[in-house]
Amino acid sequence: MTFALPAAEAQALLDATLRGELPDDRGRFGPFGGRYVPETLVPAFERLEQGVREHLHDAGFQAEFQRELREWVGRPTALTHAPRLSEHWGTEVWLKREDLAHTGAHKINNAIGQALLAKRLGARRVIAETGAGQHGVASAAACARVGLPCAVYMGAVDIERQAPNVDRMKRLGADVIAVETGDKTLRAAIDEALREWVTDPAGIYYLLGSAVGAHPYPYLVRELQSVIGEEARQQMIDQAGGLPDAVFACVGGGSNAIGLFYPLLGDDIELIGVEAGGTGDGLGQNAATLATGTPGVLQGAYTMILQDADGQVQETHSISAGLDYSGVGPEHALLQATGRVTYVSANDADSLAALEELCATEGVLTALETAHAYAYAREWSSRNPGKRILIGNSGRGDKDMPTLTRYPVRSGSHGGA
Amino acid sequence: MAAHERLTAAIRAANSKGQPALVPFLTAGYPEPDEFVDTLRAIAAVGDVVEVGIPFSDPMADGMTIQRSSFEALRKGVSLAWIFDELEKAGDLATPLVMMSYLNPLLAFGYDRLAERALATGVCGFIVPDLPFEESSELRAALEAKGLGLIQLVTPATPAARLRMLSDASRGFVYAVTITGITGGGSGLPDDLADYLDSVSASTELPVCAGFGIREAKDVANVGAHAAGAIVGSALVEVLERGDDPAAYLESLRS
Chain A
1 MTFALPAAEA QALLDATLRG ELPDDRGRFG PFGGRYVPET LVPAFERLEQ GVREHLHDAG
61 FQAEFQRELR EWVGRPTALT HAPRLSEHWG TEVWLKREDL AHTGAHKINN AIGQALLAKR
121 LGARRVIAET GAGQHGVASA AACARVGLPC AVYMGAVDIE RQAPNVDRMK RLGADVIAVE
181 TGDKTLRAAI DEALREWVTD PAGIYYLLGS AVGAHPYPYL VRELQSVIGE EARQQMIDQA
241 GGLPDAVFAC VGGGSNAIGL FYPLLGDDIE LIGVEAGGTG DGLGQNAATL ATGTPGVLQG
301 AYTMILQDAD GQVQETHSIS AGLDYSGVGP EHALLQATGR VTYVSANDAD SLAALEELCA
361 TEGVLTALET AHAYAYAREW SSRNPGKRIL IGNSGRGDKD MPTLTRYPVR SGSHGGA
Chain B
418 MAAHERLTAA IRAANSKGQP ALVPFLTAGY PEPDEFVDTL RAIAAVGDVV EVGIPFSDPM
478 ADGMTIQRSS FEALRKGVSL AWIFDELEKA GDLATPLVMM SYLNPLLAFG YDRLAERALA
538 TGVCGFIVPD LPFEESSELR AALEAKGLGL IQLVTPATPA ARLRMLSDAS RGFVYAVTIT
598 GITGGGSGLP DDLADYLDSV SASTELPVCA GFGIREAKDV ANVGAHAAGA IVGSALVEVL
658 ERGDDPAAYL ESLRS
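Read top to bottom, the protein sequences are chains A and B.
1 is the number of the first residue of the first sequence in the numbering used here; add one for each residue after it.
418 is the number of the first residue of the second sequence in the numbering used here; add one for each residue after it.
Hints were generated in silico from the structure; no laboratory data involved.
In this text, all values refer to a predicted model and were calculated from it rather than measured experimentally.
Built from N, CA and C at the ideal position, the CB exists for glycine as well.
Incorrect hints may have been included.
With the C-beta cut set under 10 Å, the calculated list includes, among others, these residues of chain B facing chain A [as the list claims (entries may be wrong)]: (1) Glu422; (2) Arg485; (3) Glu551; (4) Gly602.
Assemble the whole structure, with the sequences as input and the hints as a guide.
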């Protein structure tokens, strides 16, 4: 089932989105979003909101942020034509290469932006949560860059499956704190980071890694990640000679997807978010929040969540730690409810196969999260031959080697088309 | 008398006997669902108001003890509907109840149905730790329609103007969180507690109950000198966890 708004309301909210009016002053994207946080954190959120208003679009901040994106992150990231994959699929395939950004994924755009903000707000230390470890690594690097101590909360299950990233975070100077409570994945890590923040709301800056949580995070993360879509739009015009017919991005919390989609919302482009279909359709077998969830409040926002009839949030399954989350950013919930973006899912097996195909045809080892976007784009291409498509290649797959080594390379897959 | 006024009256009644009101907290259905009603009765016999915790999958304001009890109760099938059924079976306990729940289970249950069942089962108010005042109008309206109270939390981080706003909005009592932190912390009560509780008490006509970090008789006495009541949560849940007598533990806090 999906949650849809009445047509007139949907159109009005979509128009408001295109005019840049959402979130509203209560942090709402239509019915979604808001700020559901413990009273102890309310003053901290008000300070953060004030800080975002003051600094985010300030010329001095933007100059510093743009310089860091250019000289330290390595932006703009490339737009890559994928001729051999195009031949396999029958569509014209282009890749937006966030895997080429410093630390190996789009996460760094947000991490360096928020680290600069934390510095301006006078934070004494930074905390962050991480699922796949990419946001943890990005936060550790960004905090080292601006000179702030950093602690990263990470579920024990994720620590095991993303071991290379744990070591990277430590080498970049962060404390990695194993979270043994709850589901021991991303959701538990966010709960634990919030608990830590409550102990020192004035001194801690919480560097949230996705477009989720209470206002102003979904807005702040979208603004910092929109560089992906802004660059990609111009690069498509310059390199491909025009905009794509369809754009695909994987969605866990949804930060790379909102960053890619937001600048394209006003264009005549089919936008498709791909969630983790896991091993099946049952509750607990996947992380397809938008495709199968219902509205509720989780970790600060009213959004689509995976829950049972009693409002208990359900555990998820995905082969990719970065998509293994029971909620989703509230703006995605709105974009789904208005019908502007379509959200689908790809399962573990198809995503692994797509990852392998991309390796073999284009020499790009993509992240398991990103592989979900390829899996669905491949299927879509079979129904839409001749179209031009863009895939958000949100991160690289080096971190996934502990998982990938369990699935041997299929013989002959590198033997050419 | 509106249901929320029963809370105020019960706290005042304890104060008129020269003692702070004792507000014990238990996670509903923990450690064993089939012992819930008996445990609740035993606790209600000593407490002046009893706080019934609704287990939730993401208790972000709670420490390890209440998290553990919450996950265990969920694992054994405890739900809000089940809790109301059990409260109905328990009948009138004489001691007014408040429910402590994160928002999502209440949202899933439906606010109007929630208010109806609460009123019918002796629940006089709600404490919702992830629902700040700004997001609370719908739940507040549904509760007020039945005379039930939405109890506001205030904390040492709450600025003065906000403290006055929250105190005005609160019903039954004002919940003063003693520390900047989560439940079940080991660091005890802060040194500047007296000034903080005095400032909260000065902000409202309602009684103020202090919670977080209260474990022993001296904590209750300490808090009682500057607030109308003491809320005992994690320490009592630990007693239940060990299988000790909750009533005896609560009596020991009064000595």
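Status of the hints after comparison with the structure:
no., hint, result
1, Glu422, "23 Å, violated"
2, Arg485, "8 Å, holds"
3, Glu551, "7 Å, holds"
4, Gly602, "8 Å, holds"
The structure is inconsistent with hint 1 alone, although it conforms to all the rest.
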